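Asker: Taken in sequence, the protein lines are chains A and B.
Okay, so the first sequence: first residue is 1 according to the working numbering, each after it adds one.
Okay, so the second sequence: first residue is 1 according to the working numbering, each after it adds one.
Calculated from the structure, these hints are not laboratory results.
For clarity, every value in this text was computed on a predicted model and none was experimentally measured.
Among these hints, one or two may not hold up.
To be verified - Calculated lysine-lysine pairs in the BS3-like style (CA-CA distance at most 27 angstroms, straight line):
id, chain 1, residue 1, chain 2, residue 2
1, A, Lys160, B, Lys231
2, A, Lys5, B, Lys139
3, B, Lys231, A, Lys3
4, A, Lys290, B, Lys153
5, A, Lys3, B, Lys153
6, A, Lys3, B, Lys161
7, A, Lys290, B, Lys161
8, B, Lys153, A, Lys5
9, B, Lys75, A, Lys3
10, B, Lys138, A, Lys5
11, A, Lys99, B, Lys161
12, B, Lys161, A, Lys42
13, B, Lys75, A, Lys5
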Amino acid sequence: MTKSKGRFGVHGGQYIPETLMNAVIELENAYNFYKDDPDFNKELQRLFNEYAGRPSLLYYAEKMTKDLGGAKIYLKREDLNHTGAHKINNVLGQALLAKRMGKTRLIAETGAGQHGVATATAAALMGMECVVFMGEEDTKRQALNVYKMRLLGADVVPVKSGTATLKDAVSEAMREWTSRISDTHYCLGSVMGPHPFPTIVRDFQAVISKEIKQQMLEKEGRLPDAVLACVGGGSNAIGSFYHFIGDKDVRLIGCEAAGRGIDTFETAATMNTGRLGIFHGMKSYFCQDKYGQIAPVYSISAGLDYPGVGPEHAYLHDIGRAEYVPVTDDEAVNAFEYLSKTEGIIPAIESAHALAYAIKIAPQMEKGKIIAVTLSGRGDKDCAAIARYRGEDIYE
Amino acid sequence: MSNIAKAFASGKAFIPFITCGDPDLDTTAEIVKAMSENGADLIELGIPFSDPTAEGPVIQAANLRALSGGVTTDKIFDFVRDIRKDVKTPMVFMTYANVVFSYGSERFISYCADIGIDGLILPDVPLEEREEFEPLCKKHGLDLVPLIAPTSKGRIALIAKESEGFTYVVSSLGVTGVRSEINTDIGAMVQIIRENTSKPCAVGFGISTPEQAREMAKYADGVIVGSAIVKLAAQFGKESAKPIGDYVKAMKQAISDIAD
């Protein structure tokens with residue numbers, strides 16, 4: 001019998017319609033060829049450095065550190081990348097790969113709009129067609145990003161099915177891919193979906209931990225004691241963790257969106273409230289009811305509002321290598337405001353989940369300890385929503 | 001001979017699909033009886049899933065109607081046990097991997113065997129993931145029906161070799177739904193299938209008219225129709241058994257004179 005591929009422990013695999021199987025096999029073969037191709041890697045490195053603005057800074061948050069009075073806090077500034085988030089790392093890699101495969105059209109799903117904007121950007125740069133699927137609910141929450149994608153030349157398709165959020169955008173992008181494969185690459189935005197996506201996206205995002213490690217050794221002469229990142233599907237988190245997985249003394253902490261709390265139904269904390277299932281091409285943990293119907297999830301952050309988590313995170317959770325902690329809307333909003341006032345940096349509400357947990361644990365750690373928090377994106381897109389959360393009626 | 005094999009034993013098979021619980025299970029019971037009485041050779045019963053990624057808008061909407069009507073896997077098991085007293089036509093479940101897995105795969109599959117379900121169609125379980133469910137199906141005497149798509153190319157032979165029950169030939173790219181024309185070279189696909197398995201094959205996706213059914217039945221052993229029937233269920237609601245019965249009769253007639 002043909003063997004399953006792309007497993008992380010029991011997680012992962014390729015649970016997709018037969019129509020897509022040759023497309024993912026073609027992608028896997030192309031990736032295995034190009035990942036070691038010097039010409040491909042040279043071009044990707046050039047795009048990272050000259051276009052996206054890498055390496056991103058590892059910034060010592062001195063005021064925050066002194067204010068909290070515990071561990072020394074460093075921020076990995078993925079918010080300073082072109083398009084304002086870590087998403088561009090993966091998109092440049094996949095778009096370049098798709099181009100080498102002879103594809104002329106990119107499709108993508110997006111939640112908050114960051115991955116959609118990044119994909120539309122890469123498509124514009126590389127002269128490719130682009131269609132982005134976005135839950136209708138999210139097109140309203142993130143109207144500015146919808147405008148940006150259209151400005152960049154992409155078509156934005158509002159998805160009305162299901163809960164009209166990120167999971168439905170993924171479903172619709174998969175449906176679109178089954179209807180048009182020959183010229184189209186599905187540029188999946190997180191470390192999820194069928195093999196080889198969790199591996200490809202991880203590899204392109206792993207530049208984050210590679211840089212943190214190098215920069216930390218330069219600045220401190222040693223590795224950090226903990227690395228923190230927010231987790232929805234988990235791409236910035238796996239990127240931040242990857243090169244530290246073998247360094248057992250470095251705590252890896254993923255911060256999930258607990259919404260209104262993990263004891264409520266209005267949550268998106270998959271590791272803390274979900275159970276093992278099969279959805280969107282992978283076996284992993286999902287928020288679901290007893291009959292396996294996928295649960296409607298909730299978070300203030302459109303980018304973390306997803307009922308599943310990438311299979312490699314599920315595995316790191318199983319073996320106890322990484323910890324996954326819930327952070328509520330309230331805690332994230334407080335951290336969003338705190339970093340703005342303390343360091344003059346407005347973080348994405350997604351990244352504010354990781355900051356919130358750093359604010360919680362730093363004071364409990366000794367002064368000599370060091371933590372690195374990945375600031376996955378910038379918060380301009382969230383200002384109107386946070387103002388509304390605080391009762392100020394402003395619109396972008 | 002398995003029950004599914006019997007469905008193909010006398011001429012071209014007509015295989016209608018219906019989503020269980022759309023709009024309620026009493027109506028589904030009437031529909032299934034009407035299908036059986038009007039010449040259905042095998043009936044595909046859909047267990048609704050919240051996020052059916054292989055379905056077009058028509059069956060997506062049926063899944064939502066059924067779930068919001070409160071149908072569950074347990075209620076569907078009870079319904080099948082009950083209807084099996086009257087309906088002898090072979091039946092298979094069509095659902096998604098998570099519905100089976102989250103129930104406990106072996107528990108789900110053994111219940112299927114108990115209540116008289118003959119096979120499973122799982123559109124998000126390709127050849128590479130069959131091992132998750134196939135050994136359990138074999139153990140409990142169910143057929144796990146594999147799917148072959150227009151993009152399968154070199155995989156057709158591999159999949160056909162593993163075929164149980166019958167092979168489901170997906171006629172077109174994309175998701176389920178009515179199509180005005182089908183351009184795939186079904187004849188060429190079926191030829192490769194026949195070289196690699198003695199199990200029958202049936203074509204589905206996009207078929208709605210008697211003319212399309214006749215065309216497909218020239219190549220395959222059976223024809224599967226889903227969205228066109230689910231459209232009737234959406235249109236007629238609790239009164240849909242009669243129009244669906246009439247439709248099944250017309251479709252069965254359209255393919256009945258085509259020689260094997």
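Asker: Evaluate each hint against the coordinates.
Answerer: Hint check results:
1. A:Lys160 / B:Lys231: holds (19 angstroms)
2. A:Lys5 / B:Lys139: Distance ~24 angstroms between lysine 5 (chain A) and lysine 139 (chain B) Cα, so the pair holds.
3. B:Lys231 / A:Lys3: violated (38 angstroms)
4. A:Lys290 / B:Lys153: violated (38 angstroms)
5. A:Lys3 / B:Lys153: holds (19 angstroms)
6. A:Lys3 / B:Lys161: holds (15 angstroms)
7. A:Lys290 / B:Lys161: violated (35 angstroms)
8. B:Lys153 / A:Lys5: holds (20 angstroms)
9. B:Lys75 / A:Lys3: Violated, at about 34 angstroms.
10. B:Lys138 / A:Lys5: holds (23 angstroms)
11. A:Lys99 / B:Lys161: violated (35 angstroms)
12. B:Lys161 / A:Lys42: The given pair, whose Cα atoms are some 44 angstroms apart, is violated under the 27 angstroms limit.
13. B:Lys75 / A:Lys5: With Cα atoms ~35 angstroms apart, lysine 75 (chain B) and lysine 5 (chain A) exceed 27 angstroms; violated.
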